[in-house]
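Asker: Quick note on my numbering: the sequence shown kicks off at 124 and runs consecutively.
What the hints contain is simulated information worked out from the structure, not anything from laboratory work.
No more than 25 angstroms apart at the CA atoms, straight line, and that leaves these computed lysine to any residue pairs for SDA-like: (1) Lys-674 x Val-1093; (2) Lys-472 x Gly-446; (3) Lys-572 x Asn-529; (4) Lys-896 x Thr-950; (5) Lys-1142 x Glu-1116; (6) Lys-1108 x Lys-1183; (7) Lys-1014 x Thr-959; (8) Lys-1079 x Lys-1142; (9) Lys-569 x Pro-599; (10) Lys-1160 x Ala-501; (11) Lys-817 x Asn-529; (12) Lys-531 x Ser-386; (13) Lys-871 x Asp-762; (14) Lys-507 x Val-612; (15) Lys-448 x Lys-465; (16) Lys-487 x Lys-1198; (17) Lys-1198 x Ser-765; (18) Lys-641 x Arg-594; (19) Lys-1120 x Asp-609; (20) Lys-569 x Leu-420; (21) Lys-674 x Gly-613; (22) Lys-1087 x Glu-1116; (23) Lys-448 x Val-477; (24) Lys-564 x Asn-551; (25) Lys-1223 x Glu-1247; (26) Lys-590 x Asp-640; (27) Lys-1183 x Tyr-1243; (28) Lys-1183 x Lys-1223; (29) Lys-894 x Arg-955; (30) Lys-1227 x Phe-1185; (31) Lys-641 x Leu-726; (32) Lys-1230 x Glu-652; (33) Lys-479 x Gly-409; (34) Lys-895 x Asp-932; (35) Lys-1152 x Pro-1212; (36) Lys-572 x Glu-601; (37) Lys-1002 x Arg-1037; (38) Lys-674 x Lys-1079.
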Amino acid sequence: MQSSPPPPPTSSAAKMLYEEGETHDGLSELPVAFGWQEVVLGTVIMQSFQLPISAIWTPSNQYRQRSSHRRARICVAITFALLMFGLGVSVGAFLHAMLYPDGSSPIIKIPSFLRSSGSGYETDNSTLISLNDVGSSVELDDTTVLSAENEDDEEEEKESESKSKEEEEDEEKEEEVEEKPKKRKKGRSEEKNKKKRRGKNEKIEKDQGLSNEEDEKEEIEDDGEEEVVTKNEDEVEDEEEEPRNEETFVKANKECTNITWYSSRLPQTSEPIEYDLTLHPNLTTGEVQSEVIIRILIKTETKLLILNAENLEMVSYDVTKKGVKLKADFVKCAVMTQWAWKFVKRLHKGDHIVLKIKYTSQMKSDLQGLYFSTHIGANGKKTKSAATQFEPTFARKMLPCFDEPNFKATFQVSIIRNSHHIARSNMNLLLSKEYKNGLIKDEFEKSVKMSTYLLAVAVLDGYSYIKRLTRNTTKPIEVRLYAPEDMLVGQADFGLDTTIRALEFFEHYFNISYPLDKIDLLALDDFSEGAMENWGLVTFRDSALLFNERKASVVAKEHIALIICHEIAHQWFGNLVTMDWWNEVFLNEGFANYMEYKCVDELFPDWSIVSMSRFYAENLAFSQEPDGFLSSRAIESDDDDSLLNLFDAINYHKAAAIIHMIAEMAGQKNFQSALIEYLNKYAYDNAIGVDLWKIVEKHANLQGTVSIPNLAKAYTTQVGYPLVTVERIEDGILVHNQSRFLFAEGDKAEEKRGDWRWPIPISYRASDEKKKKLHWIQPNDHNGIFVFFLLSIFTVHCFSVTWETPSNDWLLLNTGGVGYFKVLYDTDTYDRLIKTLATNHSAISPIDRSMILVDSYDLSKTSLLNISVYFDILEYVEKETDKMTWSIVSKQLRTIESLIEESDYLDIFQDFQRSIIMRLYDSLDWDEQGTTPNQKRLQVDIFGVACRLRIKDCTKQAYQRYLKWVSSGVRNPEHHMIALVEGVKQGGSTAWERIWKAYKSATSPSEKNNIIGALTSTKDVTLINRILKYCLDGKIKPNLIPRVFSYFALNQNTRNTVWKYFKNHFSEFHVILGKGSLMASCVKCLAEPLSTENELEELKGFLKSQKFEEDGQIKMEMTYEQIELNIQWRKLNEAQLGKWISRWDERRRTLYRRKRHRQNHHHHHRHLVSAF
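Please put together the full structure from these sequences, using the hints given.
Answerer: Next comes the structure, spelled out in structure tokens:
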């Protein structure tokens, strides 16, 4: 039985509490006056139903005639309320004067019970939508929404800036060296002010410098005092500092006592101007001999210079000013990854110094800094190359540097290499010359001004390239694609062509020329991510760049196109303009994720990337799952100690969804104009989110009470997202105020839920309306009145709004999936939607159908919605033909199946899945490929599900294609993985060996991925252990090991065997994968299907003694929470789903009996006719 939100008051009570009226912007919004008796009655009703005080949206009916009795009652109520209010004020003033004759009244401060956060009564901005009457409305188009400036933020900003200036003046008088990050051009404030502009309370890091005394002993004593001061300040601003951070700083204090700088962030006393870097990486020994010359500008008087360096060995150094050597002591602080120089004499503001360092380092295969990438050719030959991955803070592993994004500088790079190797960097090759011992020195042009994480170098062995020039850019740009020689032919054309077209698209969209004259694309065997946007030298995992038309599917093709567009978008968003610090990395990744869909949609319009539900499914719906966890975080994060965790679904996919919402509210053309201004204003510089949102606000054609900065702030600084609840009443729909949606329930969830509020743009459409309309719910969108009752003051928040919704049929909120929130309807509304989907599902758009399924599925994981409602909705999908909708459904059903594996109705549940897929499966032909990419992708999904469910025709067709591949090598790239999987299932160990042999000789990365999926589908324990052993001995690359485990997790017959092997060889996997996110990803894949308390405790017990780095530990906490949610799902839904499945099975059997009866009756009738 559905456990719905608290019921609304009765119709008569609602009418007693609220009235309607006409106001601004075509919306109805009028304070309600009523008598104290009515308030008392309404309050009692609300409290008896445990309802927050609500407001109602209701349409007025111009033809409705109110009775004279009602008018009289309203007049009496208003008069009485005013009289009581006046009396209350008078009595209150008299008592106040008696109690505080000296004027020392505390009432000048707002009482806590009147503040929204501390009120004992929740305010619920509910809304009543009438479906019967016609009122004024707002038409929503691409360029017009309701919004307005928030002046309070500007006043706070001015006050903050004023305070900051006063603090600076005081500090100068006291001659303290206290430097903060400065604003960008045109007077941007220091770091503390930036945080206030974002509404954040963040620690202010101070340059503690050296004292004026020359005596070293006195300096150390002063440093100790400064350390105490810093700790006290930290305690005030962040009382609950994480133990891990505390341990790091304690260790730093013990090991690095001579530095007098105890922050992971660098001081702002100096900044780099130019790096002159020479590298000599030895690809045989892994040793790297290096020299760097850094030209540095002193910004504030200091005796301390600090850089970042990690796992580097100092050989020698010189510091000079105008050619004269400066005396300085060198101090190394490994725990803080910092090198420091303490000067005998002070450096003054405006000084230019030159720091020359010779040092050595050792390359590893850890995918960070300058690392080894190993390629094994089809002939078994192994070659090693060197490449870089610096984001976020790994540049310090290759060179001493100011390794923070707001320390931009130019780079002059030289690389010493063997004559048969290829060297590449961000800029074009300037010259090559003989060095010594047969070596070559390549010198590259000076780079543009950029952050250290964008620096890139590569020394390649066994690589070749193809190149082309762009034609439709401001100037010709040379585009090269580098790949191992045996993988280049036949696989480079698509990636090269897509890059050229993407450069042309973004130049036109941003109206800004690509600033370099070349861009290289480098395919690597060993790479931790999909790709990295290094300026002018973009690195890719080989499967994200190389595409073979004959061996890779259209799914792989789309994936490659999206990644390329993502990285090319970064050349503007991230490279040209960079976020000031990693806490706003969404300015890089969120925008690149958003722009990649626009790019692909422009380049390949027949793919329908944007116009269909794909953006919604892959960004909004995808991010709402982890964002509904207790362990979720805000987009803007203050965690400086686990930066790798910022590169997740929140900053990529949620941020993209929020950006899409803001773009739709501002209007797409206005948004584009704002981006152009933003990129021009902050080119070769850094920016913060507020800088962008203010520019968008300037360009947006907004009306009403919502400002772009406030909208962005609400969704980027608050954790999670809102849930809006809709209930039908007698003559309308009651829309309850928002609350944070969480999957978890209980006391912990209530604590985490907090009192956050968001401005919510609700686009809505009724059944007989083609155009959607827009209404905003504001965080405090109400008119307040005060009512005296039993010597207490109640604040009643209420408003009414008129919507033009004449239909009395279904209504959809958040149509188009633009708003980042979920909607919970009442039973009546769900019934209407179910009926419409069953009879005419095309009346609702594909994206809205996907949204209904996603929201109802997610809500059914909680007690808010009975799972039977989700399955009632789901029955319509037997008529569904949208690819993304089917992709969502197949994932949901597979998850549910994994949770009911031990139930006695699993077989019937699989029958249900077969029943909803059979109609669509029968309509598809194995021998006829779809005419569009979406049709091809739909075929792949449906055939995959059908074969998983062991539909006979599917398994037969797939195995026939496997045999055809074995005999002649012929394959259909769209179905090849399905055929290989069926080959392993039906062909046993012989087929497995044959497919493993194909893996070793494969040159297509996409084909290798498909083969891994097939090899992991076996049930043979010996073969399972073999492929796991291949992960340990290097036959399967480390960066592919998480893929192996993700495929194993889909095979319910192998999970126990794989988990046992993994536990027994945990330390070996730890060595190969490290202690970070790669290792945690493997554990996550295997553990997420667990669904009992015993399994959870066993997992925690095993991992208790295992050490994970910060990014890995956070992923493990999310894994534990997922298992807890699985346990919760089973408690809530396992029995309820069993009842629904039983009812469905009975309906099926009844229909089958009726069908047989009709057939028998028809057969008997034919016999009677024949007899006559």
